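Dock chain B against the given chain A, drawing on the hints supplied.
Residues per chain, in single letters:
Protein chains: 2
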Amino acid sequence: MNKKALYNLSYGVFMLASKADGKENGCITNTCMQVANNPTRVAISVLNTNYTCDLIKKSGLFTLSLLDEACTFETIRHFGFQSGRDVMKFGCTELKDKNGIPYLGWQACAMLSCHVVSSQDLGSHTMFIAEVDDAKVLSTNAPLTYADYQNRLKPKREEKKEEPERKIVGWRCKICRYYYEGSELPEDYSCPLCGHGPEDFEPVYES
Amino acid sequence: MNKKALYNLSYGVFMLASKADGKENGCITNTCMQVANNPTRVAISVLNTNYTCDLIKKSGLFTLSLLDEACTFETIRHFGFQSGRDVMKFGCTELKDKNGIPYLGWQACAMLSCHVVSSQDLGSHTMFIAEVDDAKVLSTNAPLTYADYQNRLKPKREEKKEEPERKIVGWRCKICRYYYEGSELPEDYSCPLCGHGPEDFEPVYES
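As they're listed, the protein sequences go chains A and B.
For the first sequence, this note's numbering begins at 2 and goes up steadily by one.
For the second sequence, this note's numbering begins at 2 and goes up steadily by one.
Misleading hints may appear alongside valid ones.
Pairs involving identical chains hold if they fit within one copy or between any two copies, as the list cannot separate such chains.
To be verified - With a cut-off of at most 30 Å between alpha-carbon atoms, the simulated DSBU-like pairs for lysine-lysine come out as follows:
#1 K137 - K5
#2 K157 - K137
#3 K157 - K58
#4 K99 - K175
#5 K168 - K97
#6 K157 - K59
Simulated from the structure, these hints should not be mistaken for laboratory data.
What you are looking at is a predicted structure, and each value in this text was computed from that prediction instead of being measured.
Here chain A stands alone, though its shape is the one from the complex:
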């Protein structure tokens, strides 16, 4: 089985936000598809280690901001490369849906406001099927695709700097925080938790 075949599936890029018990958070995902009409339903899949996943499980509510071609890497980094357990990602000026869940009014061409009708734990991820209660078109920009993000937006992997004085003991996935023990990360490695490749791992040095 050649898992690279799966790289040929096409996706968008989204900021997924939720709120529960007075706490709100958002993360970056690439999985959402419409799965039924009348009522309009979508399916999303979210890493179980994501804080946003916990919030959706609690409240059953989320918004999805469909990022567009004007989106910058800074936005992806802000929502995608740090955990809501450590930082507050939202201020107090964002747009909110009728449930008080934030969404992006900029760098996004549309938003969906949804409530969960069923969920299924798939081990690494939970899949939610949700009914769309509200939907807005926010701009006429083209949607950002995951291929655009990979080819145009994402910084190229940094050249390894010579740092002879510090010994690498492992590698941490910047997406899901999975830890790989060992000084050399194989070039064709993919994270067993979230599926991302070596370019999304950062070295962990001997302390």
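Below, chain B without anything else, positioned relative to chain A:
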């Protein structure tokens, strides 16, 4: 709610095939996403009126051919605009996966061979979650996206010809065969069954 917001979701285009009780069929779909790792699982959503959907329900097996930029409208028409209840869509020369289910060796950049692990009836569609048993990269062409299909591949809506001698009594959806009764199809109409717009309806004349 502005349902046009949902047009900003990004999709690929696929030939979905299955086989049961010695009968095989394939159709065109645009919904597949990877939903979990270890094991690798994908979700697809298929119209309940599609013959391929019946076959998947019976056998629990399918292949997905990920169409690429070399795909022609003829291929889309062959698999997508006629029903396997009326015509045989496959010959005897196709490539087959280990379950004997055909897939495309041309106009496709990759294939997935899957077995269903759970399904959920959502009214208009059934959503299947399936484990990927085999996956092949078939070409280095870029995947065909649904946006490419809409903008580049799909023929523009034909101008209505003046046919004063024949009275239009209804409109039939070319995708799912839904019948709309009435001489005028509203310009912003979308099929209640499959969600497609007026450009995918053909007139039905008084007999």
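Run through the hints listed earlier and report the numbers of any the structure violates, in increasing order. Structure breaks hints 3, 4, 5, 6.
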